[in-house]
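Taken in sequence, the protein lines are chains A and B.
For what it's worth, our numbering labels the leading residue of the first sequence as 33, then goes sequentially.
For what it's worth, our numbering labels the leading residue of the second sequence as 98, then goes sequentially.
What the hints contain is simulated information worked out from the structure, not anything from laboratory work.
Some clues are possibly wrong.
[Claimed, not checked] List time: in silico SDA-like cross-link candidates among lysine to any residue, alpha-carbon distance up to 25 Å: (1) B:K326 <-> A:D115; (2) B:K326 <-> A:K168; (3) A:K254 <-> A:P308; (4) A:K168 <-> A:A138.
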Amino acid sequence: MPLRSAPLPRMAGHLSYMRSQTKAISHVGPGDLAVLGIPFEDTSAPYAGQSLAPRALRETSVYFGWHANPQFSHPVDIDARQDIQTDGLHERLCDLGDLSKGTDDANHAALKEAIQQISGNGACAVILGGSDHLAKTVQNALPDCQTAQLGGIARGAQDFYMAPLMNTTPGNAMLSNAQRSDARLSNGKLSNAKLSRDRALSCNSNIAAQLVELSQWRDTSKPLFVRFDLSVFETSLSALCDQPRLDGCDLDTVTQWLSALGQFEVSAIMLTGLNPSRPGMGVVKVGQRLMVTALLSFIYAQLGFGIDHSSKQTSKENASI
Amino acid sequence: MTVVNTTFHSPLIQPGYRLFDGPLCDVADVTAEQVGVVGMPSDWTHSSRLGTRFGPDALRRATTLLQSMRPTGASFDPDTDCLSMPANNWLVDCGDATITANDVDATTQAIAAMTEALTIAGAIPLALGGDHYNSFPACLGYSRGLAKRAPKARFGYIQVDGHLDFSDRLGAWGSHNHATNARRISELPNIDVRNMVWVGIAGWVDGGDLASIEEQGGLVFSANDVHEKGTEEIMRQALEHAMQGCDELYLSIDIDAMDAGYLPGTGSIVHSGITPRQYYDLLDGLAEAPLGGLDIVEVSPPLDPSERTEFLAAEMLFRILRRFRTRPVSETEAGR
Numbered sequence: 033m034p035l036r037s038a039p040l041p042r043m044a045g046h047l048s049y050m051r052s053q054t055k056a057i058s059h060v061g062p063g064d065l066a067v068l069g070i071p072f073e074d075t076s077a078p079y080a081g082q083s084l085a086p087r088a089l090r091e092t093s094v095y096f097g098w099h100a101n102p103q104f105s106h107p108v109d110i111d112a113r114q115d116i117q118t119d120g121l122h123e124r125l126c127d128l129g130d131l132s133k134g135t136d137d138a139n140h141a142a143l144k145e146a147i148q149q150i151s152g153n154g155a156c157a158v159i160l161g162g163s164d165h166l167a168k169t170v171q172n173a174l175p176d177c178q179t180a181q182l183g184g185i186a187r188g189a190q191d192f193y194m195a196p197l198m199n200t201t202p203g204n205a206m207l208s209n210a211q212r213s214d215a216r217l218s219n220g221k222l223s224n225a226k227l228s229r230d231r232a233l234s235c236n237s238n239i240a241a242q243l244v245e246l247s248q249w250r251d252t253s254k255p256l257f258v259r260f261d262l263s264v265f266e267t268s269l270s271a272l273c274d275q276p277r278l279d280g281c282d283l284d285t286v287t288q289w290l291s292a293l294g295q296f297e298v299s300a301i302m303l304t305g306l307n308p309s310r311p312g313m314g315v316v317k318v319g320q321r322l323m324v325t326a327l328l329s330f331i332y333a334q335l336g337f338g339i340d341h342s343s344k345q346t347s348k349e350n351a352s353i
Numbered sequence: 098m099t100v101v102n103t104t105f106h107s108p109l110i111q112p113g114y115r116l117f118d119g120p121l122c123d124v125a126d127v128t129a130e131q132v133g134v135v136g137m138p139s140d141w142t143h144s145s146r147l148g149t150r151f152g153p154d155a156l157r158r159a160t161t162l163l164q165s166m167r168p169t170g171a172s173f174d175p176d177t178d179c180l181s182m183p184a185n186n187w188l189v190d191c192g193d194a195t196i197t198a199n200d201v202d203a204t205t206q207a208i209a210a211m212t213e214a215l216t217i218a219g220a221i222p223l224a225l226g227g228d229h230y231n232s233f234p235a236c237l238g239y240s241r242g243l244a245k246r247a248p249k250a251r252f253g254y255i256q257v258d259g260h261l262d263f264s265d266r267l268g269a270w271g272s273h274n275h276a277t278n279a280r281r282i283s284e285l286p287n288i289d290v291r292n293m294v295w296v297g298i299a300g301w302v303d304g305g306d307l308a309s310i311e312e313q314g315g316l317v318f319s320a321n322d323v324h325e326k327g328t329e330e331i332m333r334q335a336l337e338h339a340m341q342g343c344d345e346l347y348l349s350i351d352i353d354a355m356d357a358g359y360l361p362g363t364g365s366i367v368h369s370g371i372t373p374r375q376y377y378d379l380l381d382g383l384a385e386a387p388l389g390g391l392d393i394v395e396v397s398p399p400l401d402p403s404e405r406t407e408f409l410a411a412e413m414l415f416r417i418l419r420r421f422r423t424r425p426v427s428e429t430e431a432g433r
C-alpha cells in the first residue's frame, strides 16, 4: 500500500498574499491590513524588472500561509520561545490585487485614490512594489504624514531613517539638491538627516536606544507611512536589489524595527527595491524571502500578535544540562 | 568483401563520480568499520522546490574534486595536525538505491535494505539525499540492522537542520515526506525521543511539534542558541544528551540549517541561520562521536547555478569524516 495516499498538492487558485482572502477596496474595514500591488516599471532604474515584484512577494508569502492553516498548531518563534496566536489573521488580512497599468499620471492618480480610500476606512495599506518612485504619491495621499524609512534613498530631512543612507558621506556627497535643501532648512538643530548618518555605523547595535528615539520622533496626531526598501539588508544576504548595500542590516535587526513600527497605528507600508529579475545568488530568490519574513513581524504586530523578545525562554532541557 | 573490425575496446568502468573518488563496491562486500555510501536521488517527497534528486551526484562530484586538491599524504590539515588519506579502503561507494517514482513505500524499502545490510556488516552507512524524507528510510535500515547486529543496543540521534521535521502529517503529502522524517524516526523501536537533539532551528516552527518534542524529553537548540553559546558548547550538550544510555549515534545533516545568504541551493531556505564556519565547527564537535550511521540531505544543484552549495556540503562531509580520512603526522614526516 502506498504510504502517500493523499492527492498531490494544489498550487492553483488565486495568488493572494499569504493565501489571504481577496476583497474589493470598498469592503476594507477599520483595522484591516489591505495588500495592494503596484506592478509598475521604473524607467529610470538601471535594470528592468520591478513590476514583477508584487507577484514575487505574493508567491513567497504563500510559505507563511500555513500560519493560519487549521491543520497545523500555532506557530512559535523558536528564538523567543513564544507562541504566536494567529486567530483572526485571515479575517483582517486581505488582498486587493494590483493596480491596473496605465499612463504614468493615471498610475499616480489611481494609487493616490486607493491609499486615501484605504486610509479613510481606518485600514493599513500594505503596498507591494517595486520601484520607490511612487512613494511620493503615497505621501501626498496622506496629508502631513510622518515617514519612517528602512533603507532606500533619503527623501526628506523630517523622515526617520532606521538604516544607513545609501552610499552617503558626512559631506552629503550623494544627496540630491532637494535633500541638501532639506538639510539646510533644518540648520541650527539636530536634523533627522544628520541623525541618520550617525546611525550609519550602528545599524546592528543599540537598537533599544534608537527605538526610544523613534518614540520621541513619532507624532501620533499625524498619519504614519513606513517605507521598507530591500536595500536595508546587507547585500551579501540577497543581492537582488538594484542598489547594493555592503553595510546593511541582518534580518533580526530589520524584524525588530518592523515589529516596533507595527506597534503604531500605520496608514501605509510600502515595500520597494526588489527586482526579482536580477540574478541574485541563485534560483532561490533570497531577497523576496527576506522581505516577506521581515514583513510578517510587522503584520503580527499590527494585528496584536506581537513577539516579546525580552521574555525569551530557553528549553527546559537546555537549561538543565 | 566485408572487413570485420576486431579492434578490442575495453569496457567502460566506473563512469561518473564516486564519493571522495572512492572505489565502487557492492553492499554485500562492504566490511566492518568501512563507510558505505548509499545514494538516495529522490525528491518525490518534498513539498516545494525540487532538485535534490541531483544531490547525490553533485556531492560525489564535489567531494572528488576537493579530494583531488588534497592528494595522498600531501594535504596537511592545520586544525588537527593530520594528513589526508585517499578513500581507497575506509570508504566505498555502493551506488544509488532504486528510486520508484510516486511509490514512497518501494523507495523506502529499497533505501532501507541497503543501509540495513551495511549496518549488519558493521559498516557505517552514509546516505546522500535527496530530500530530507529519505533520512527516514536510511535510518530505518540502520535501525533494523542495529537490532540484528546488537539486539539490545540503542542509538541517539542528532539532526542539524533549520527545521524540526517532526510533523505527523503534512497536508496533501500525508505522513511520509520531508516534514515528517524525524517523527517517523522517533517511532523506531531502538530509539527514544529523549535521545533526540535538534541543532540550528530557525524562524517560526509549529508549536505543537515543538511542544511534543520537549514534553517527551527531546532537546532543541535554535540557530540563535548556536550564535549565543558557541558551537563547541552546543555540540557538547547535544552529544551528551543524545548519548545518554545509548551505544551509537545517528547523525542527520540537513544543509538548510545554513543561512540562505551562504547556501541558496536547497529547497527550504532559512535566514538568520548558522554560518559555514559555525556549521563546520558543529560537525568538528562530532568527529570523534561513536557514529553508527549518517546522512546528508537537501543538496539541490538546480537551485544554485554557482555550485557553491554542493561544495559547502562536500566540506561538511570532509569535516564529519575527519577521523576516517586523515591520519596523524608521523615523527619521520614531522622531522623532515
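Index of numbered hints that the structure contradicts, given in increasing order: 2 and 3
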